[in-house]
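K.L.:
Each chain is listed here by its residues.
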Amino acid sequence: ILNVEQSPQSLHVQEGDSTNFTCSFPSSNFYALHWYRWETAKSPEALFVMTLNGDEKKKGRISATLNTKEGYSYLYIKGSQPEDSATYLCASINQAGTALIFGKGTTLSVSS
Amino acid sequence: GAGVSQTPSNKVTEKGKYVELRCDPISGHTALYWYRQSLGQGPEFLIYFQGTGAADDSGLPNDRFFAVRPEGSVSTLKIQRTERGDSAVYLCASSLTPGGGYNEQFFGPGTRLTVL
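Protein sequences appear in the order of chains A and B.
So the first sequence is numbered by this note's numbering: it starts at 1 and just counts up by one.
So the second sequence is numbered by this note's numbering: it starts at 1001 and just counts up by one.
The following block holds chain B by itself, in its conformation from the complex (with noise of 0.2 Å):
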């Protein structure tokens, strides 16, 4: 079956511009995270949603960073006013039943966003 699919792929963009990264998880999953892994550093936590609602964005770095996932299925991260430091590979995760990092992740192949 199809995995866990984000798009674009690779994403270019001035600073201070808006971008939106979008996900989509595996039919059926309820559990979806953001990650984000700058150079040279593993995958940081951003955000975890059980279902419609963010049951955690602790991980998000500042209120530059928002995240959506409205029917429970496809999220989109957006970020605005880019700064070069958010410059990174997005990646997301599903789950197929709640309990947050207790149960395997399926990732996505990430956003490779650069911001100029």
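So here's chain A without its partners, still in its complex pose (with noise of 0.2 Å):
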């Protein structure tokens, strides 16, 4: 059973604050993990995909880094603004190659 770790649960920080979550997955058999932001009332929206170990990717102020030797990802937030309140959530792929296998997710709130 491939299981995917999102810590912590939730965070609450305050704006201009810089924060980062940690997603961990089995390190055996990698192939690739998303990254995906989830609004409320909203669509999860792709952040990133990365395959490579040693990958970083950046997206404005949100970048993310990826060890699949250890099997963790950090997911950065610099300096955090109330519209990056969201939950965070990140995704391994299944055996069979044919789909997303997601961790619990990371729910931020900025307040301001």
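FYI, nobody ran anything at the bench for these hints, they're computed from the structure.
Ideal Cβ positions, reconstructed from N, Cα and C, are used throughout, including at glycine.
Honestly, I wouldn't trust all of these hints.
Chain A stretches covered by chain B per the calculated footprint, using a threshold of three residues with CB under 8 Å from any CB of chain B [said to hold, decoys possible]: (1) 34-45; (2) 86-95; (3) 100-111.
Both chains are given apart, each in its own frame, so use the hints to dock them into the complex.
P.N.:
Listed below in structure tokens is the structure:
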């Protein structure tokens, strides 16, 4: 069974704070890791698809790193804004390669 | 362009009833996925279509659940004899190319199903 774990479960920060979350996954038979942002009443939005060990990707104030040997990925948000408030989901690929296996997500709340 | 759409956005039904949930993927996307998110959990895979055929239905929890995609575009998830435990947000996603979980998936806003 492929388990994807995320921590913390929830997080509350002040506007301007930088923060990071962790996603851990089994390192064996790794293929790709996905990060999504899911705002309330909206569709989950893809942030990154990461495949290579040591990969680092950036989109605006959000960046992510990947360590496939030890089985973890970090998502960083620099200078959090209230509009960053959302649930951040990571997902690996099932063994059949057909679908995503999601963690439970980290819910971020940013106060102004 | 238009994203993935799902109807209805909310569905309330009674235990034992039959429901259908619809997904319109992005035009031209050959791969389509159904997931459901129960309270406090991450989205859980249900079924994956490549074209008209179900390439992987291993996530369907039991034979009360069935999904079709007869023309390779719109898909319908059908749940018979609904139970309270079926209450969840049902998400649909599509991707441009085959490859299952390797490619970016574009999600719809989901259908929130409540079984009373």
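K.L.:
Determine for every hint whether it applies to the structure shown.
P.N.:
Okay, the hints, checked on the actual structure:
By the rule of at least three residues with a Cβ nearer than 8 Å to a Cβ of chain B, the coverage given for the stretch 34-45 of chain A holds, with 7 such residues. Residues of the stretch 86-95 of chain A with a Cβ under 8 Å from some Cβ of chain B number 5, which satisfies the need for three, so the listed coverage holds. For the stretch 100-111 of chain A, the stated coverage by chain B holds: 6 residues have a C-beta nearer than 8 Å to a C-beta of that chain, and at least 3 were required.
In the structure shown, no violation is registered for any of the earlier numbered hints.
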